[in-house]
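Q: Each protein sequence line maps, in turn, to chains W and B.
Read in order, the letters of the first sequence correspond to residues 31 to 315 in the numbering used here.
Read in order, the letters of the second sequence correspond to residues 2 to 132 in the numbering used here.
These are computed hints drawn from the structure, not numbers from a lab.
Incorrect hints may appear among the rest.
What the hints assert, rightly or not - Beta-carbon label-pair distances, calculated as ranges:
#	chain 1	residue 1	chain 2	residue 2	range
1	W	155	B	8	26 to 34 Å
2	B	73	W	156	18 to 26 Å
3	B	113	W	291	28 to 36 Å
4	B	40	W	68	53 to 61 Å
5	B	50	W	102	51 to 59 Å
Said to hold, decoys possible - The following residues of chain B were derived to be distant from chain W, with all beta-carbon distances above 10 Å:
#	residue
6	24
7	33
8	39
9	69
10	96
C-beta: ideal position from N, C-alpha, C; glycine also.
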Amino acid sequence: MSRLLGLTGLMRRGASEADSRAAPHFAELAESYRAKDLLQEAATVCEEGLKAWPAYVSGHIVMARVHRDAGALDRAEASVRRALELDPMNAIALSLMGDIALRRGEWENAIRYLEDAAFFAPADTHATELLRLARQRVRPLVVAESPVRAEPARQPAPAPSAPERALTTDVETEIAALRQQPGIEGALLLTSDGLPVSGSLGGGNDSDEEIAALAAGVIAEWARASQLPPPQPRGLAVVEAQGSQLVLAAAGAWILVVSVSRHMRLGRVLGHIRRAMQAIGSEPN
Amino acid sequence: MESALEQLNRTPGVLGSVVVAEDGLVIARHVAHGIDADAVAATVNALACSVDALCACCGRGVARTITLESDSRRVFVMRLAVGCLVTIAEGAASVGLVRVAMKQAVAALEERLPARQRERVEKTAVPASTA
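Let the hints inform the model, and build the full structure from the sequences given.
A: So, in structure tokens, the structure goes:
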């Protein structure tokens, strides 16, 4: 303990000297204690460190990990929420929230947080693995509770009804499901040459046609900007405007335009958009 | 101005940053070898015009940020008082980190943009809005 007191004394001195470079040391030290399962020591270092640097995000994250390892999930959540207040897009904190939700069996919450984490840090294999785990636990429940979503693949395909192009049931189902997600204001599927095929952004046919033409123009500019080879780029364009957010997803010869409420966090809906894109990408041109 | 870009480029995964004027010309650049800043400026400017037209059509106001994501690259565009800041990053770069770094860079750049350019934009904005 004397060793700890010495270190915390050093940390306090660092704070009084306003030496921000000293701040990371307490988090590193606490993390090394935590890794050795010395949770009490890790908690003491974190508490002392956070007194000196209450806005140090990594300190709150390590504190949350210590509480989580000790099985105190409520305390862990409080610490990680503090980290997210300071840095709402912190992928490690989001991943940790997902981890805590997963341990509580809150699968849907876990998926939401882990999708956010994977969006902000796609290379984070830990978050990806947790997300895979969360989805594995959710899938049986979703199938049991909503047979409508599970059934269509087994039913005979309905006659094509779209005036311009016939779409497979999978694509129609994905777009319909996407439009029902909270925060999604509208979704419009169009061909890469700017013709609307399915869905709407809510302004009527004329408006949708104009939006489709302009969206195809944006994708064409994007293809030029990224010097992607023909025929079409594959990926996402996210536009944050004053009124709301627009996501343009290009997949093969198809473009999906999704309007997202500006109050909705993009990480929560991008997973659904990517899923719809996958179904659309497999659609024959 | 370049020091703000240099700081931004220290973010993991960032390959380069360019400050682009509203006419598509480069104001400042700090890019890795192999990235043609002039070509980036011209094409991003055209893209921003298309996006603005789309946003206006949807009644969404003015686009503040644009994020482009493909398999190997991410391109971020943030509006400045004059023109925009463009950052090119690897596909695996953290979106959150880059966005935070860009916001800091935008704040630093806004302070350093020449007052004459601001005045020019304010003057040219009047006839454009009344036309």
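Q: Residue 73 of chain B and residue 156 of chain W, beta-carbon distance inside 18 to 26 Å?
A: 23 Å Cβ-Cβ, so the 18 to 26 Å window holds.
Q: Once the closest CB in chain W is found, is it more than 10 Å from residue 39 of chain B?
A: Holds, because the least Cβ-Cβ distance between residue 39 of chain B and chain W comes to about 13 Å, which exceeds 10 Å.
Q: Is the Cβ of residue 96 of chain B farther than 10 Å from every Cβ of chain W?
A: Per Cβ check, residue 96 of chain B is inside 10 Å of chain W; nearest 5 Å; violated.
Q: Verify the CB-CB distance for residue 113 of chain B and residue 291 of chain W against the hinted window 28 to 36 Å.
A: holds (35 Å)
Q: Does residue 24 of chain B sit more than 10 Å from chain W, CB to CB?
A: Since the minimum Cβ distance to chain W is about 17 Å, residue 24 of chain B lies beyond 10 Å and the statement holds.
Q: Any Cβ of chain W at or closer than 10 Å to residue 69 of chain B, or is the non-interface label fine?
A: The assertion about residue 69 of chain B is violated, with a minimum of 5 Å to chain W.
Q: Is it true that the C-beta distance of residue 50 of chain B to residue 102 of chain W lies inside 51 to 59 Å, as the hint says?
A: About 54 Å separates the Cβ atoms of residue 50 of chain B and residue 102 of chain W, which means 51 to 59 Å holds.
Q: Return holds or violated for the Cβ distance of residue 155 of chain W and residue 8 of chain B against the range 26 to 34 Å.
A: holds (28 Å)
Q: Holds or violated: 53 to 61 Å for the Cβ distance of residue 40 of chain B and residue 68 of chain W?
A: holds (55 Å)
Q: Is it the case that residue 33 of chain B keeps its Cβ farther than 10 Å from each residue Cβ in chain W?
A: holds (16 Å)
The structure is inconsistent with the numbered hints 9 and 10, although it conforms to all the rest.
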